[in-house]
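> For the sequence shown, the working numbering begins at 1 and goes up steadily by one.
Treat the hints as calculated values from the structure; they're not laboratory data.
Yeah, the Cβ is synthetic: ideal placement off N, Cα and C, and Gly gets one too.
Please note that a few of the clues may not be correct.
Using C-beta positions, here's what the derived DEER-type ranges look like [claimed, not checked]: (1) Asn152 - Asp199: 42 to 50 Å; (2) Asp89 - Arg144: 39 to 47 Å; (3) Pro130 - Ala6: 47 to 55 Å; (4) Ser86 - Arg135: 38 to 46 Å; (5) Ser86 - Arg225: 37 to 45 Å.
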Amino acid sequence: LGIPLAATLWQIGSPATLFDAYSQMRPEVMRTTWLSILSAPLCVVFGWLLAESWLRARRQGRWPVEPLILVNLVAPPALLAMGMMSLFDRFPLRLIRDSDAPLIVAYMVRFVPVVMLVMFLVGLRRPTLPDTAARLFNVPILSRLRHIHWPNRRLEIFAVLILTGLLIATELEASLLLVPAGTATVGVRLYTLIHTAPDAQVSAAAIGVLILLIPWMLLLGFLARRRRV
1 LGIPLAATLW QIGSPATLFD AYSQMRPEVM RTTWLSILSA PLCVVFGWLL
51 AESWLRARRQ GRWPVEPLIL VNLVAPPALL AMGMMSLFDR FPLRLIRDSD
101 APLIVAYMVR FVPVVMLVMF LVGLRRPTLP DTAARLFNVP ILSRLRHIHW
151 PNRRLEIFAV LILTGLLIAT ELEASLLLVP AGTATVGVRL YTLIHTAPDA
201 QVSAAAIGVL ILLIPWMLLL GFLARRRRV
């Protein structure tokens, strides 16, 4: 990472280029942030449910079907986006075709498997005795969520939220095909600049995005370290 980063910084030329690129990219940054806020929690909820179902099947000795969803990780993102285009071209989904809904669903199709896999791997190390005892004593589900699940899983939930947000912020192919007309995400803007702008402006935009994401990457590493401890 250091070698291309140094070359990119060299191409910028001056800090003024960096500030100018960020000011021009501010609408895309705000839109990408909004899409991450909408999509990441949905990915975490569905990924958590699928991971729990996978863990339950494993403990009961049943053959799990949840790993089949991991196929979405190796499928080309453009193929998944084209599927979303075809799906939202039919009634009644056609009514929301020009909204952010197709893009949010595409993010979920793409990144729910990531969340599921991470939470499944973490769940393999989690003790099951407290939840089992609570079920035997008929503890209400809300009480179990508040006193058992949340204290033991809040770090991993925050971690996968940040991870999913970072993946959404840097996603390109689905965003390029599904973003509504007249709008763009950070990834789409960088892709457009590569083909239309001078190298200094492209480099400044790329470094600007990296500067915005580094604090979240550091926080993700901190949470992962806390989870190991």
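> Could you run down the list of hints and mark each one as holding or not?
Comparing the hints with the structure gives:
no.	hint	in the structure
1	Asn152 - Asp199: 42 to 50 Å	holds (49 Å)
2	Asp89 - Arg144: 39 to 47 Å	holds (42 Å)
3	Pro130 - Ala6: 47 to 55 Å	holds (50 Å)
4	Ser86 - Arg135: 38 to 46 Å	holds (43 Å)
5	Ser86 - Arg225: 37 to 45 Å	holds (43 Å)
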